[in-house]
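Residues per chain, in single letters:
There are 2 protein chains.
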Amino acid sequence: MSNDALADLAAQLPDDTLLTGGDAVEPYRRDRALDPAAGVPLTVARPRTTHEVQTIVRWASDHGIPLVPRGAGTGLSGGATAVDGGIVLSTERMREIRIDRGTRTVTVQPGLLNAELKAAVAAEGLWYPPDPASFEICSIGGNIATNAGGLCCVKYGVTADYVLGLEVVLADGRALRLGGPLIKDVAGLNLLKLFIGSEGTLGVVTEITLRLLPAPPAPRIVAAWFASIEDAAAAIAEISTTIRPSMLEYMDRTCIDSVEDVLALGMDRDAAALVLGGSDDLDPDGRDIAFMTDAFMRHGAYDVVETSPEEGAALAGARRAAIPAVERRGRLLLSDVGVPLPRLRELLLGISRLEAEHEVTIAMLAHAGDGNTHPLVVFDPADDEAAERAELAYGRIMSLAISLGGTISGEHGVGRMKRPWLRDQVGDDVLEVAGRIKHALDPAGILNPGAIFA
Amino acid sequence: MSNDALADLAAQLPDDTLLTGGDAVEPYRRDRALDPAAGVPLTVARPRTTHEVQTIVRWASDHGIPLVPRGAGTGLSGGATAVDGGIVLSTERMREIRIDRGTRTVTVQPGLLNAELKAAVAAEGLWYPPDPASFEICSIGGNIATNAGGLCCVKYGVTADYVLGLEVVLADGRALRLGGPLIKDVAGLNLLKLFIGSEGTLGVVTEITLRLLPAPPAPRIVAAWFASIEDAAAAIAEISTTIRPSMLEYMDRTCIDSVEDVLALGMDRDAAALVLGGSDDLDPDGRDIAFMTDAFMRHGAYDVVETSPEEGAALAGARRAAIPAVERRGRLLLSDVGVPLPRLRELLLGISRLEAEHEVTIAMLAHAGDGNTHPLVVFDPADDEAAERAELAYGRIMSLAISLGGTISGEHGVGRMKRPWLRDQVGDDVLEVAGRIKHALDPAGILNPGAIFA
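Going down the list, the protein sequences come from chains A and B. Residues in the first sequence are numbered consecutively from 1, following the UniProt record's numbering. Residues in the second sequence are numbered consecutively from 1, following the UniProt record's numbering.
Chain A extracted, bound-state conformation (with noise of 0.2 angstroms):
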């Protein structure tokens, strides 16, 4: 890559709109997985606009360099992770949101967090359901790429299950439109759902334009306090396969304690698990939730608590604030396995006897009602040896997942430090269709190269 080629693009776009040397790339070099891989990019771009990421891809096809596209910056799985002599084009300045009450749908830039879209539309009685733990800091750009999940997703589904049109730019430079604010549309190949999940391997999305629902009910909340991680388990199992909760949560001793050491709510530091089940669904006799709490207390929970709507608030953000309050405690090697829900007591075992085996801990949460869990794997830094014991115990993880019929990633993404398992839980012939696809959109293979596909 000559200099005069790097100013050429420079001269196509607003001055400020790449960075360049070591300093200013730094931050962008990786995402919240801390891939170790990570290679120095030759330069971020920070486009506000579609024909700007038009302008930039096609340089980047013309010269055949390597481009990643990023969002916050908080994925989990290394699919932001920048390639050495590449670009990272970060969506960060893509902020613009448009609300369209006739439609009730909302059109947004990849950049806008979606913490600042869910306000945004709230202010006008209107909701964004899909709400990762991470909400307050990730961008609906990402939670497309990933198709992410998120609390109410046992309930209310995923970011696809939201996602009307998309504007997308190929690897040639060309601006795809996809849908709209259209309900059903199924004229022709299904290319939107495609684009979705697809982690920057196929194109970068520009535009995005969402379905929005009503402001959903208060959801009343049942904690239920567990001595067993089995009890909890087949609590779990029971209740997400006979009724519809609108949450289902779970969290282990680990990640109650260090949620405590944090928030300091009174939560009882000796429990095996902490299970949350909420119901919105207007039931005058609450149904739902009487069968929770007796599906609790018949599978042995030692305290079962409806809470108070400040309580239950007061649990949903401890279960927010698991992932940061356990990395606290040291770094993590984070995965989102999820197995068919009849296999949640085995997949909550194997990981103990895991934790046992290669003497590391592993914290557990998990969106439970989906059979989605958050494995942490907490290891110390600077020790090698924990650091080695904790990568094993972390593909270990995902080995077993798959061996109990599950997945790697449940809504986190592949991206690339779940790559070397991937083939394990979809086969050859999957693998080498969805190469096929990749090559017919991105031939020269500049589109997030290692995301995904080797």
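Hints are supplied without guarantee of correctness; some may be wrong.
No copy is singled out in the list; a pair is fine if it fits within one copy or between any two copies.
In the SDA-like style, the derived pairs of lysine to any residue whose C-alpha atoms are separated by at most 20 angstroms in a straight line are [stated by the list, open to error]: (1) K118 - R93; (2) K118 - T241; (3) K118 - R244; (4) K118 - P449.
Because the hints were derived from the structure by calculation, they are not lab data.
Here the structure of chain A is known, so what remains is to put chain B in place on it, guided by the hints.
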């Protein structure tokens, strides 16, 4: 094609798998779109297993013979029109079903009818929501092929929202397994959703795993009678962008009149439109019912009635009976155009204008809360001139929807009948990208040639 080659295929399959000869293949030449360009197939294959499907597809591939997958033949866009000298692969014998309460899913072969699946899971207290009006006669495989919708979709979503797993036989005969009884899974590209709605152009679906819900609460249904279709459209747009009805359906005078001829429910044949609004949200205060009632009245309905459960079921049944009832008046050209909700009024008025302009009858019914409408152009097939005017009106309805920012198909698929309008809607770039994906998966173009792709 030599007889030897066909004999070779027959030898690889159970005795009665293949049908040959004019009379035997005749019932498999057309779906309910009655495509006048239907060809005469070489043979109709009726496999029972995935392995048999693989044998048939491999043979077709080896001999370069086009293969048209066919469900129950209820398609309305000519997606299952036979091709001269090709194979029709009918899934009518692939009818196995396996309910798994542990994961609250059901796994079926594609030939099972939607109503059979609904009944089987209802016997276990479970619910499969998607409910095309044709649910009693359409197959799940066909529902997957078109990403079928229905009446409940305004609240509960479409077929794709319930598909957790698929087995698909590719053009080269490999069987791909995608997903499974996992609620969240983002490992790799979302191939699962790409196959849904692909109308048999990318592969033959041989097994489907569907997510189930608990049986729904009984809905309350409000019926509103309008003297003006504009007023009805305004009420619909307001309701569906303010609350979340469980049903919001529309029938015009021609539909009411036709259904009344058959069912004699005592509906007002002079009404310009009937709108049915449903709510199943358990709210003891019935706020959504009250909101709909008020909106209907504010927008000029001359009669608004909250129905008894029996009346409500009868009116929902009237809505489902509309297409066959109108069909008694002549041959139909059936469209399923959709528009953004604020444009529904313009669509309805525009179609009225087309009716006058082309001197044809266009009956109108709609999953109105989704902006998804079914204009039925009715004509006498014995009258060539009337048939020509009907054809013209059919095309202009699609052009009108496109001009309003809408789609040529909300839930029936493009098939062969709507293909000429697809480019106008999605544009050259989207078609080109879709074509690249088609080519990547079916390079010889043997799968359902003529559907979606030219």
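Q) Which earlier hints can't be squared with this structure? A) Hint check: 4 fails alone, others pass.
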